[in-house]
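> Read off the chains here:
There are 4 protein chains.
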Amino acid sequence: MNHLLREEKVFKDPVHNYIHVQDEVIWSLINTQEFQRLRRIRQLGTSYLTFHGAEHSRFSHSLGVYEITRRIISQFERGAYPDWPSDEKLVALCAALLHDLGHGPFSHSIEQAFEMHHEDWTCKILLGDTEVSSVLRTIGDGFPEKVASVIRKDYDNPIVVNLVSSPLDADRMDYLLRDAYFTGVNYGTIDMDRILRMLRPYQGRVVVKESGMHAVEDYLMSRYQMYWQVYFHPVTRSSEIILRQILRRAKQLYGQGHEFLFLPDPLPGLFQGELSVRDYLLLDEALMQTAFMQWKNESDTLLSELCTRFLDRKLYKYVELESCDVDRIQDIRLAFAEAGLDPEYDLEIDFPSDLPYDVFRPDEASKEKQILLLDHQNRLREISEVSDIVRSISGLRRGKNYLYYPDNKINATLDRLPRDIAQIFEQKR
Amino acid sequence: MNHLLREEKVFKDPVHNYIHVQDEVIWSLINTQEFQRLRRIRQLGTSYLTFHGAEHSRFSHSLGVYEITRRIISQFERGAYPDWPSDEKLVALCAALLHDLGHGPFSHSIEQAFEMHHEDWTCKILLGDTEVSSVLRTIGDGFPEKVASVIRKDYDNPIVVNLVSSPLDADRMDYLLRDAYFTGVNYGTIDMDRILRMLRPYQGRVVVKESGMHAVEDYLMSRYQMYWQVYFHPVTRSSEIILRQILRRAKQLYGQGHEFLFLPDPLPGLFQGELSVRDYLLLDEALMQTAFMQWKNESDTLLSELCTRFLDRKLYKYVELESCDVDRIQDIRLAFAEAGLDPEYDLEIDFPSDLPYDVFRPDEASKEKQILLLDHQNRLREISEVSDIVRSISGLRRGKNYLYYPDNKINATLDRLPRDIAQIFEQKR
Amino acid sequence: MNHLLREEKVFKDPVHNYIHVQDEVIWSLINTQEFQRLRRIRQLGTSYLTFHGAEHSRFSHSLGVYEITRRIISQFERGAYPDWPSDEKLVALCAALLHDLGHGPFSHSIEQAFEMHHEDWTCKILLGDTEVSSVLRTIGDGFPEKVASVIRKDYDNPIVVNLVSSPLDADRMDYLLRDAYFTGVNYGTIDMDRILRMLRPYQGRVVVKESGMHAVEDYLMSRYQMYWQVYFHPVTRSSEIILRQILRRAKQLYGQGHEFLFLPDPLPGLFQGELSVRDYLLLDEALMQTAFMQWKNESDTLLSELCTRFLDRKLYKYVELESCDVDRIQDIRLAFAEAGLDPEYDLEIDFPSDLPYDVFRPDEASKEKQILLLDHQNRLREISEVSDIVRSISGLRRGKNYLYYPDNKINATLDRLPRDIAQIFEQKR
Amino acid sequence: MNHLLREEKVFKDPVHNYIHVQDEVIWSLINTQEFQRLRRIRQLGTSYLTFHGAEHSRFSHSLGVYEITRRIISQFERGAYPDWPSDEKLVALCAALLHDLGHGPFSHSIEQAFEMHHEDWTCKILLGDTEVSSVLRTIGDGFPEKVASVIRKDYDNPIVVNLVSSPLDADRMDYLLRDAYFTGVNYGTIDMDRILRMLRPYQGRVVVKESGMHAVEDYLMSRYQMYWQVYFHPVTRSSEIILRQILRRAKQLYGQGHEFLFLPDPLPGLFQGELSVRDYLLLDEALMQTAFMQWKNESDTLLSELCTRFLDRKLYKYVELESCDVDRIQDIRLAFAEAGLDPEYDLEIDFPSDLPYDVFRPDEASKEKQILLLDHQNRLREISEVSDIVRSISGLRRGKNYLYYPDNKINATLDRLPRDIAQIFEQKR
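Protein chains in written order, with our numbering: chain U, 1 to 429; chain H, 1 to 429; chain R, 1 to 429; chain X, 1 to 429.
Accuracy of the hints is not assured; some may be wrong.
Listed next, the in silico DSS-like pairs over lysine-lysine satisfying Cα-Cα at most 30 angstroms (straight line) [as the list claims (entries may be wrong)]: (1) U:Lys9 <-> H:Lys400; (2) U:Lys124 <-> U:Lys251; (3) R:Lys9 <-> X:Lys314; (4) H:Lys9 <-> U:Lys400; (5) U:Lys317 <-> X:Lys209; (6) R:Lys296 <-> X:Lys314; (7) U:Lys89 <-> R:Lys9; (8) H:Lys251 <-> H:Lys296; (9) H:Lys314 <-> H:Lys251; (10) U:Lys9 <-> H:Lys409.
Note that these hints are calculated values from the structure, not bench results.
Sequences and hints are given; from them, build the entire structure.
Quick look at the structure:
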């Protein structure tokens with residue numbers, strides 16, 4: 001059963017000013033060890049190596065997502081809209097708070113390297129033998145599973161799923177504002193108050209009053225800018241590449257039976273692909289950085305060099321690839337091998353368009369991924385039908401292709417590379 | 001010899017917007033491993049457990065101090081003031097950038113626990129076999145020593161020392177603004193532009209034009225508020241106490257020959273008080289947090305519990321002590337011992353007034369610690385002679401005394417404590 | 001009877017983001033001609049001649065005061081505090097919105113020159129034959145009188161008066177934030193959200209929870225700084241002096257039967273001291289500026305010169321008076337007369353301490369003017385008993401004395417003034 | 001000859017923090033009566049009736065444009081770029097400061113009503129018998145003409161014209177930031193510092209380094225949003241329509257020999273189309289508002305009603321016109337006439353696309369109106385060739401068509417209008 005706190009608790013937050021906690025269960029969830037662990041996982045992975053302010057954690061972000069969700073629901077309650085199922089408030093708040101619980105250290109990189117998915121881990125933590133699960137069960141035995149199904153997007157009340165996960169959800173609004181604040185770029189400033197005022201529960205979805213269209217346009221443009229200015233920044237990409245190479249190399253070595261000087265739990269499990277929930281919760285960025293620091297002294301030169309690069313921020317250089325060069329990647333790899341370089345580690349091609357590109361593209365979107373406008377005659381229209389600017393940007397997807405490489409090695413090998421390939425790297429000053 | 005970069009480099013900074021690097025040596029210093037290590041040391045120690053936004057590092061702060069110093073000097077150069085020795089620019093910039101280089105993880109706590117001083121370590125790093133020292137020596141063989149002597153405050157050109165270390169220096173201005181920004185409190189917003197415009201080099205000191213008096217008043221009041229609202233926040237103090245107890249306990253155990261499950265380098269050296277510069281540079285907050293995480297499983301219950309408290313934020317509760325109770329501390333300790341509690345770990349008394357209290361108190365200040373106003377007739381006056389408000393706040397020093405304790409243990413023992421002592425803890429709900 | 005609007009209306013506001021109107025009567029009041037007139041009266045009188053951004057109107061401020069009051073009451077309602085009389089909400093909101101309705105052009109200056117009081121005019125407008133009065137009567141016949149008595153501070157439910165007029169009221173919070181925003185000074189930034197969260201209705205008053213003490217300290221310090229930095233700025237004082245001299249001279253001329261080239265209604269009534277409510281409402285700053293513009297061509301040189309000074313911002317210069325000089329003012333006046341100057345217009349002494357000095361001084365404050373803190377044992381204490389910093393600043397009152405004068409005239413007469421008096425003016429460069 | 005001020009003067013500005021004046025001639029220009037008159041002309045005309053914060057004047061904006069220009073030139077000087085003609089600094093600063101000097105009250109409306117152009121008046125004031133002209137002549141006899149030719153865009157050094165007037169000029173940057181600040185909308189926040197850092201003088205133009213492309217994209221998107229959210233807001237358009245109708249009606253009446261109760265100079269000259277520079281400078285918004293206030297009592301009902309509408313903000317209602325309805329406007333006018341309405345005043349159709357639409361459209365732009373990017377090989381490319389997002393938005397031009405009308409009159413006549421026309425107005429609730 002849910003209880004209200006005798007007195008509301010607040011957290012001072014630089015983005016939302018105050019985060020208000022009124023439910024005892026929310027307060028207890030925040031105080032679990034699994035939620036506190038999010039303090040040791042940065043919201044933006046390695047972006048701090050590009051934007052030194054971006055040292056904020058998933059703990060802050062999770063509180064922010066909870067707070068925005070709380071404000072949306074509170075607005076729904078004030079409006080007494082019949083389409084909002086008021087008894088779903090608590091499950092929505094819990095799902096908002098806990099949606100990132102399963103993120104690992106340097107989330108996207110570790111997911112790629114070890115083929116894990118943070119949503120799976122979130123659900124395992126919600127349902128496993130954890131403090132979070134105990135707290136949720138105080139509401140009811142089936143409550144952890146309800147929260148998990150919202151996160152898996154198969155909850156039977158679709159408006160709750162839509163509230164927590166949609167192109168205009170609390171998650172995206174918080175990260176745009178928060179990442180803009182901590183990096184210091186001002187592309188992410190959106191009029192959240194206005195957007196929140198314009199949201200309406202309607203026929204199993206959260207939709208936007210038509211008069212809020214311009215605020216949504218501005219939000220989508222901010223997101224577009226943040227993707228290109230911050231999330232896909234080539235320096236950040238470079239650091240992620242090194243990070244993935246470290247993980248790949250360490251796993252290779254482990255597979256080859258290498259004796260690590262330093263390999264505390266749960267790293268062996270991670271390399272074997274056998275992690276219990278309890279093991280997984282031991283993984284955090286402090287541990288990874290400590291391992292990298294110790295691995296600077298590993299006998300494997302490649303691993304040791306990569307760790308030094310990562311910790312001392314000696315990143316790979318990059319050159320933009322013309323589209324003609326992209327087709328020649330296989331040639332470049334061969335030439336690298338012939339010149340004595342290691343094509344597996346000494347060059348990486350990065351296509352941001354291969355990423356889970358989050359910018360809004362209504363044409364390919366399933367119904368759930370659309371933003372719908374509600375006009376004063378209660379008609380729903382997908383936003384790009386109405387907004388010129390959304391239609392204009394929604395088709396855009398071309399990103400630049402970059403080739404990343406260790407410049408000291410390549411520069412020392414330039415004369416052993418075919419002339420036309422050497423030229424690609426010489427353009428970089 | 002100093003060289004200018006072919007093109008200025010910038011860092012995007014949320015506090016100063018952009019940080020401008022024009023000198024090659026500054027750029028090279030930032031790229032040393034010793035400076036990059038500051039990314040792994042938080043600016044505000046454990047304050048992030050109170051203000052979740054306060055996850056910013058000493059790396060950010062050091063860049064900020066450099067930038068403010070650069071702007072001050074640039075203003076001095078534009079004004080062509082004869083009292084500014086223009087050939088001291090580079091040594092001042094380097095000292096500003098590097099002044100926090102010797103900070104260890106959770107700086108003040110580790111200094112207290114192991115009787116170290118970060119200034120000493122800064123100088124050792126400047127003068128030792130380090131990348132920073134190599135970079136500095138490109139300017140001249142004696143240059144590392146010059147920078148070190150500015151930091152030791154015995155440099156022979158006092159205005160350089162005064163610029164880098166005084167009650168109105170770049171260090172304090174940056175941390176006020178930065179800590180306010182990242183915690184989200186708005187007490188620290190000061191009109192830095194105005195203060196900078198009002199600074200003048202004069203007779204071997206940096207002084208303030210009289211018309212800048214109100215801006216300085218506002219700065220001193222902001223500092224006062226930040227001390228009480230942020231730096232001395234009892235929740236932060238509680239987490240520092242636990243941190244110090246962890247360090248104290250681990251050192252005790254090490255001294256008793258305890259076999260740690262996890263004790264990577266350079267922790268043994270830290271406990272023995274024998275750290276080389278190379279060892280010291282391996283210490284960072286990632287390592288400490290990783291050790292605490294592993295120590296959760298140590299056989300020593302006390303250490304294991306303390307680590308759990310720190311990582312999962314189960315902090316000590318606190319009660320305010322009336323002044324009469326302060327005098328009874330010895331009695332309380334005895335009563336604790338008799339009741340089977342551990343007076344060494346189960347209660348801590350904290351007097352903020354014992355801290356290096358940074359709020360301005362001109363009456364006890366040596367000449368160097370004063371803020372001097374320069375009037376239009378070129379007379380100098382100490383600010384509290386002129387400003388009513390500064391005089392008013394400069395005498396204030398009383399802080400509250402708090403008693404910190406593990407509430408689960410104390411609550412379980414209340415009936416074994418004398419009534420009057422039990423009452424102290426019962427007032428807390 | 002009060003009705004809610006079918007849908008909430010909002011105003012975009014730079015200070016409070018959005019101003020929310022939910023009651024039909026509030027919406028109708030805003031749309032009356034008497035309330036719209038406040039758009040033509042600046043919030044800070046002549047301060048725009050010092051701070052060019054300070055062109056905001058009493059219309060904006062009045063909306064802001066309404067909004068803060070609405071938020072306070074809404075917090076009281078959420079908390080369901082028994083000490084808040086919920087049926088007083090509407091009278092409180094109306095009084096907050098309308099409290100400045102009777103302000104004339106360049107409020108304080110015109111009040112001084114013609115011995116009027118804006119509160120009186122506010123009440124006359126509320127009770128007279130006006131659109132505002134008609135709208136208020138839709139709630140009930142006695143409603144205009146209820147609102148008026150809140151403004152006169154004799155309403156029989158003291159907590160309503162206290163809410164609208166006290167040292168921590170919505171009026172003061174709005175003007176601090178708004179004036180800081182539009183002037184661009186950052187002394188006025190306060191944590192209003194926190195203060196609002198800490199207010200409690202208690203025993204017929206609005207009091208502050210003890211844990212909000214530091215936020216109140218910060219508010220009082222901001223107010224102190226705004227007084228000295230903005231409200232008492234000598235350049236603003238200079239422009240007010242010229243404005244008062246214009247009004248004084250025009251009234252003199254009118255009394256002497258001077259034939260003005262331009263004297264539209266209701267200026268004759270203003271000079272005769274006979275203004276109906278209808279006349280008074282015709283007075284605004286557009287009219288005053290237009291009159292001054294036309295009076296540049298009046299035959300009376302003094303009036304014409306003063307109008308030119310005001311419109312073209314050729315203000316009086318000022319010198320700070322030492323306290324010894326203050327005692328000699330009568331001598332200076334005599335010397336001015338002997339030298340052929342006009343002591344009535346060619347010098348003005350200004351003592352800010354004679355002003356309605358709003359900075360908090362608990363020692364002289366009646367009970368209503370105190371800020372009371374409510375501790376967790378429900379004890380009330382006046383804030384300066386608890387806060388060192390409030391006690392420190394509350395005694396401060398000394399301002400500087402300035403002498404204002406037309407420098408062209410005085411400079412041309414310096415050799416005809418006694419040496420010691422001439423010296424006072426010569427210090428000014 | 002130009003002289004530097006003994007000491008820099010500053011103005012506190014909410015947008016740029018401080019505005020720095022270093023040249024004596026700039027200081028003197030600001031203190032002329034013609035420049036001070038800009039305090040009495042709002043930057044955004046009647047927008048304050050939609051956004052109550054938008055009460056800022058052209059005085060503030062002009063200082064802002066000057067300051068941005070100063071910062072650009074200062075950056076050019078620091079970079080010592082050979083393409084920047086350093087002896088043009090002063091003419092550029094003067095042109096930036098004075099470019100809006102010729103604006104009349106409610107600028108665009110009065111220009112439309114009386115077929116005037118503010119640039120013409122600016123040049124007349126620069127070259128006429130004015131204080132501004134005298135000050136400029138202290139630099140040299142031909143200096144006023146030089147400044148005027150920059151404003152007329154025929155100055156013989158094209159980079160100076162380009163600096164003061166181009167799609168990325170100081171004028172546009174200041175108004176975006178300033179209008180966003182004072183209205184409170186956050187669409188206009190741009191990273192001006194970054195844009196300024198990226199500007200380069202190159203071959204007679206100001207161009208942008210390619211790495212500044214995203215900042216320029218963001219600026220163009222902000223501009224797009226500001227146009228639709230603020231500048232073309234239908235409530236503002238409604239107030240402008242009423243204003244133009246007032247001016248049109250008053251001119252008609254004057255032409256018909258109507259005896260106005262109130263018609264001070266220079267209004268007769270304005271109606272006759274015969275204004276000297278001296279007359280023109282008497283026109284300001286205070287005068288216009290005073291006239292409207294007095295005209296509330298004029299015998300002509302139409303004029304009197306319009307003035308009441310304007311001053312008391314009883315604006316025309318509006319309905320969006322479907323494109324089919326646009327073609328029927330002539331029919332609607334006829335139907336209005338037949339129903340006894342006045343088609344000349346009782347309806348107005350507004351097509352924002354007819355306005356001087358400032359959003360960037362490179363396809364129709366002459367070379368001067370393009371934004372050029374400079375890549376690291378010194379090639380110039382028009383931005384929409386490189387930026388997907390700019391190409392996407394640059395084609396957009398469709399605005400909504402609105403029909404404005406006095407709803408009391410139309411509602412009273414609905415049954416006399418043909419059914420299909422009445423329906424247009426009935427959709428409005």
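> Within a Cα-Cα threshold of 30 angstroms, do lysine 9 of chain U and lysine 409 of chain H meet the stated pairing?
Holds, at roughly 25 angstroms.
> Below or equal to 30 angstroms on CA atoms is what counts here, so check lysine 317 of chain U against lysine 209 of chain X.
Given that 30 angstroms is the threshold and the Cα spacing comes to 21 angstroms, the pair holds.
> Compare the distance between the alpha carbons of lysine 9 of chain U and lysine 400 of chain H with 30 angstroms, and conclude whether the hinted pair is satisfied.
23 angstroms, holds
> Take the C-alpha atoms of lysine 296 of chain R and lysine 314 of chain X, compute the straight-line distance between them, and say whether it is at most 30 angstroms.
Outside the cut-off at roughly 34 angstroms; violated.
> Hint check: lysine 251 of chain H vs lysine 296 of chain H, CA-CA at most 30 angstroms. Holds or violated?
Answer holds: lysine 251 of chain H to lysine 296 of chain H is near 16 angstroms, not above 30 angstroms.
> Between the alpha carbons of lysine 9 of chain H and lysine 400 of chain U, is the straight-line distance 30 angstroms or under?
Status holds; Cα separation ~23 angstroms.
> Taking 30 angstroms as the top limit, are the C-alpha atoms of lysine 9 of chain R and lysine 314 of chain X close enough?
17 angstroms, holds
> Does the alpha-carbon distance linking lysine 89 of chain U and lysine 9 of chain R stay inside the 30 angstroms limit?
Holds, because 26 angstroms separates the two Cα atoms, which is no more than 30 angstroms.
> Holds or violated: lysine 314 of chain H with lysine 251 of chain H, Cα cutoff 30 angstroms?
Within the cut-off at roughly 22 angstroms; holds.
> Is lysine 124 of chain U close enough to lysine 251 of chain U, meaning Cα to Cα at most 30 angstroms?
24 angstroms, holds
Of the numbered hints given earlier, the model fails hint 6 alone.
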